[in-house]
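Chemist: Chains as they are written, first to last, in the numbering used here: chain E, 1 to 118; chain Y, 1 to 687; chain F, 1 to 168.
What the hints contain is simulated information worked out from the structure, not anything from laboratory work.
Treat the hints with caution; some may be incorrect.
Said to hold, decoys possible - Not the full set, but computed from the structure, chain Y residues with beta-carbon under 7 Å of chain F: (1) 293; (2) 543; (3) 629; (4) 646.
Backbone N, C-alpha and C fix where the C-beta goes; we use that ideal spot for every residue, glycine too.
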Amino acid sequence: MATVMVVDDAMFMRKKCAQVLSQNGYAVVEAASGVEALTAYQQEKPDCVLLDITMPDMDGIQALRELLKVDPDAKVSMCSAMGQQGIVIEALKMGAKDFVVKPFDVARVIGSVKKMIG
Amino acid sequence: MDLAAGITPEDLNLFIQEADEQLQLLDEDIVRLEKEFDNPDLMQEIFRAAHTLKGSSAMVGHQRLSDLAHAMENVLDQVRKGVLSVSPLIIDALLHGLDIMRMLRKELDSPDAEPADITDAVAELSALLTAVNQPAKRITEQTGILTPDAEAQAELEKACQEGKQAYFIKVSFDEQSNWTAVRSFQVINSLSAIGEIIVSLPTTQEIEEGAINHLFQILVASNNSEEDIKELLTGIPEVESVEINAYEKDAPEEAPKAAGPDSAATAKEDIKLSHTVRVDVNRLDTLMEQVGELVINRNQISQLGRTLAEKYHEDEIIVAFGDSVSQIAKIISTLQQDVMSIRLLPVEIVFNTLPRMVRDIARKENKKVEFIIEGQETEVDRSVIEQLRDPLIHMLRNSIDHGIEAPEERISAGKPEAGTIRLTAMHEQDNIVITVKDDGKGIEPKAIRKSAVDKKIYTSENISKLTDSEAVNLIFDSGLSTASEVTNVSGRGVGLDVVKTNIESLGGSVSVESVPGQGTTFTLTLPLTLAIIPALLVSTGGTICAIPLSSIVEADKLDEKEIQTVRGKEVTLFRGDVLPLLRLDEVFGWSDENNRNNEALHIVVVKYAGTRVGLVVEELLEQQELVVKSLDHFIGASKGITGASILGDGRVVLILDITSLIRGTIIERQNGDNIKTRILTSRAGTK
Amino acid sequence: MDKDTIASEKQMVLFELGTETYGLDIASVYEIIRMQPITKVPKAPFYVEGVINLRGRVIPVIDIGKRFGFERTGDVKNKRIVVINIKDTTLGIIVDAVTEVIRIPADSIDPVSDIVTSGQSDYLMGIAKLPEKMIILLALDKLLVKDDELAGMTAEGPDVKPELANIK
């Protein structure tokens, strides 16, 4: 079973996203911040990551940068709501593999995960 | 309102829990923002809260909440970027939006509620944006056709020499898409993975500047087939169509260099997972209740142990049992303390809701107030926290309304234009002490004295006996007001009598100090917990009741001969004062004056609204620490009872709420035709 | 009629009040305890006897006989307190005796006629006709709603007796 890590400080979003993923047969690791994500990434070695952009302490961009340092092949899809186009582009330039718009469309989340894991 | 499909009640609960947190955070932070407008962290936090709300509410299908959060986020974004600067106008609009958000949030609790209208709030917020007159980034439709320049040609040639095929690709995006720039980047990323991008229209730089509409043209050299590329690109969301043609000419150009991960300093050191857990408060209450039961049982077992030890003091087994009992008793005491400490919460929870209120009142009154909070980390039991808010609001209102002068008045008095109100909390032994200190005009003892005499609360002779400090404290007396003009908020003193009564019934105290011209300080003292209270057990009408020690002045024997009547009402002379008497069993309706027991009486002198009343009971039993248990609403309807407790022998005792008991009795007797006794309130006895 | 009563059978706890037999849905009965010392509560509604200690919880106890306007009967020793749980409220009901637990076929339950209850059939779920006797089935949730309305009334209050006594 492939493992997906969901990183979002917004608890509701995180739970809901995790729920959708586990209903579709993925194992889910949750992290509530960029810092937690880094630790959990190294412990759990997920196959891919859904990474929220707007987070306290370490935002999605910083977290992405650190994740890629730890694992240059990390498969990361950025999650973002409207109005963050510039940041998403920055993430894509840095090496994010995909991008999902919030609020989540179930098919898109699964599609993005499938695309990353292959 | 209808929720989105697939949202379960659990989901909704989760959402509500988080939304409430975000709303509270916004409430606190937006008010702070007005002062700390140059604090980027604060700005960021507010932005995130609005952002989170927008996302999650859209997820549960609360579209209006999401839309409003979006409107707020737009404004916040402009503030964050420095396009808009923080002004009272912006704060007002944000707070207004927040108020509507709270209404929207409430709709989730009461589905039948009239749906709140967000139009005004959104308009107010949007007006701020147009006020900046920020020109929307001009997006020019790319009508041109991509033509490689010389540099691109050279690069193309080179790629072809390596055996790659050049393709000219036209990608059209969905007309509705707001994400064309991002999608274009996804196209670029996908193509870079399988080949070399020679040139694109618009260029990556132009895309970043937002100069892309719905058509994106790329010249790419790749080893992959046309079909592969097409499949790759159509997999990108919002891509409507992909047109691929083999390109025959060739030219080089510097490929857009991917920005490599730059090694800026990051907070890598504090990588650790959170070590706290969230606990539902109800669970905490249950835990506390169970520990309370343990304490009661411990008392029972200890008592049993003692009885056994007295009876069989030589028996080894009993001695061993006694040791074990005292061991358990110790553990239970520790456990009780631990659970009590878990229930402690910082007063911050209440304090944080106050700046908003202070701001609103000050704005309404056209006063300038600097509000400073100190000691918000001071912890008290949950039961006390709930009781803090109302008294604090009254005192703060009082300070803004009557303490802080209007800006002109302050300037002419040589004070800074803005008044300062300092709210401080600290521990003092087993109490929490909270002060509200302002640098306003203070309270004139003279004015209070005059008012007290005018209102016939005091005679001019009695009033002269009071010190200035005692006179000033009369503002806690009901009906005293020194405001020359009563504003819509409060006359000085209005509401403070209620504060005093309530605080005293909780076993606390409240006082005021003032230096005319320099300011006023309110001091509020409350016990750290209300879950366990010391009380005196008394018996009346064959039943045992508990009177909280905090209400008691003293207790003594009462000889029948000491009881006199004044116009049919029983009174006694106590410490030189005339003390009205109330027979507890008659107050409870368990007995009446026809079958009065007049032998072996006791009196418990209690505080009531600044005066004293003597409660007549049969016996004084003992003093005990009682674990307070709440009563069911059924019984709760009985005025004068604050809760119940269980004694060591398993009996239930009722804990009296002296203030409401006496107030209720007075009202009853004044209203009822069956007036037996009318209480004389002896105003003389304040000290 | 209540949806549950349409189900084929209902399990009821039967108890006596005066000369009548009443039934309570077993699902709402938490436990049955012996009579115990009751602490009087001043100014409570007249049928509230007081509060008791149920293993560390303080719960109110009501005298359902008084509630229905019966005269006090029987030996206090045989009385029992039926502890029930209704809508997050736990309370004890004093009854003269608890007799048995039986299953009552749903089709033996008749709705209550207004004639026997003087129009106040709210508290009653129905009357079960068994070969040997009639059982009055109580709808406790309804009873509690009424009690809430009555909660403000005190023992001194006039005419607070609900006219439910005349089911004969």
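Chemist: Hint check: is the beta carbon of residue 293 of chain Y less than 7 Å from a beta carbon of chain F?
Modeler: Result: holds, 3 Å to nearest chain F Cβ.
Chemist: Have a go at the residue 543 of chain Y hint: is there a Cβ in chain F nearer than 7 Å to its own Cβ?
Modeler: For residue 543 of chain Y, the interface hint holds, since the closest Cβ of chain F sits about 5 Å away, which is under 7 Å.
Chemist: Under the criterion of a CB-CB separation shorter than 7 Å, is residue 629 of chain Y in contact with chain F as hinted?
Modeler: Where the cut-off is 7 Å and the nearest Cβ of chain F is about 5 Å from residue 629 of chain Y, the hint holds.
Chemist: Given residue 646 of chain Y as an interface hint, is its Cβ closer than 7 Å to any Cβ of chain F?
Modeler: holds (5 Å)
When each numbered hint is compared with the structure, no violation occurs for any of them.
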